[in-house]
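For the record, the sequence lines run as chains A and B. Our numbering puts the first sequence at residues 1 to 110. Our numbering puts the second sequence at residues 111 to 225.
A few of these clues could be false.
[As the list claims (entries may be wrong)] 25 Å max Cα-Cα, derived SDA-like pairs, lysine to any residue:
(1) 97(A) - 174(B)
(2) 97(A) - 161(B)
(3) 68(A) - 85(A)
(4) 37(A) - 67(A)
(5) 59(A) - 85(A)
(6) 124(B) - 180(B)
(7) 97(A) - 77(A)
(8) 167(B) - 96(A)
(9) 97(A) - 127(B)
(10) 68(A) - 190(B)
(11) 37(A) - 127(B)
(12) 67(A) - 97(A)
(13) 59(A) - 139(B)
(14) 167(B) - 68(A)
(15) 181(B) - 193(B)
(16) 97(A) - 154(B)
(17) 97(A) - 221(B)
(18) 180(B) - 169(B)
(19) 97(A) - 171(B)
(20) 50(A) - 6(A)
(21) 124(B) - 190(B)
(22) 167(B) - 111(B)
(23) 180(B) - 225(B)
(24) 119(B) - 84(A)
(25) 97(A) - 122(B)
(26) 167(B) - 6(A)
(27) 97(A) - 124(B)
(28) 181(B) - 84(A)
(29) 37(A) - 137(B)
(30) 37(A) - 180(B)
[What the hints assert, rightly or not] Residues on chain A that point at chain B, a partial pick, calculated with CB under 8 Å:
(31) 9
(32) 27
(33) 37
(34) 44
(35) 51
(36) 52
(37) 55
(38) 65
(39) 74
(40) 77
Hints in this document: simulated from the structure, not taken from any laboratory. The beta carbon of each residue, even a glycine, is placed where N, CA and C say it ideally should be.
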Amino acid sequence: QQPVQSPQAVILREGEDAVINCSSSKALYSVHWYRQKHGEAPVFLMILLKGGEQMRHEKISASFNEKKQQSSLYLTASQLSYSGTYFCGTGLQGAQKLVFGQGTRLTINP
Amino acid sequence: NAGVTQTPKFRVLKTGQSMTLLCAQDMNHEYMYWYRQDPGMGLRLIHYSVGEGTTAKGEVPDGYNVSRLKKQNFLLGLESAAPSQTSVYFCASSYASGGPQGEQFFGPGTRLTVL
Chain A
1 QQPVQSPQAV ILREGEDAVI NCSSSKALYS VHWYRQKHGE APVFLMILLK GGEQMRHEKI
61 SASFNEKKQQ SSLYLTASQL SYSGTYFCGT GLQGAQKLVF GQGTRLTINP
Chain B
111 NAGVTQTPKF RVLKTGQSMT LLCAQDMNHE YMYWYRQDPG MGLRLIHYSV GEGTTAKGEV
171 PDGYNVSRLK KQNFLLGLES AAPSQTSVYF CASSYASGGP QGEQFFGPGT RLTVL
């Protein structure tokens, strides 16, 4: 079942913070985060594993709440280069594939 | 290294025509995936392969077939194209050491329009 991302879209000014959430109804083993710029391929940001630590990529960090089956992506002091669509991909224990959310479009204005 | 490449980049088909999309990777990755991306739908898995000679169905396999005869190549076939298959198709691959849920590397995509 496809994970649900919220919000669907967010508009920020440069330097502001944002949080993107990814929720699943199933017990997750892993959560991936990818960023896709318009007309380009998705690019990997980070993986969070069950029982693992909070991860960080530059000024972007993420957490995984195993009890709630939810992951959150935190973008701190956003930069213009952070604009794009963010996808979470979720994996179940023993699964051979990921299921991606519908995406969150992030727009950063000067 | 070229990474993950896809051929062709763009294609326009008429309803009922057939075509094959080619995905190639030079990273010796074990796992390969085909996704389609439609507005507001995210990435949906069509078929995937966990190794040479193996394939499996994903979330939306109907109307597509795949083959993985060589480890580095993963082919996606449309036998009789329909307008509903108009989409952007992405191929991805990942390391065996990362497991099937490891980091995925995506190709640049193929934009397909079916008239």
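Worksheet item: Which numbered conditions among the earlier hints are violated in the structure presented, ordered from lowest to highest?
Response: 4, 6, 7, 9, 10, 11, 13, 14, 15, 22, 23, 25, 26, 27, 28, 30, 31, 32, 33, 35, 36, 37, 38, 39 and 40
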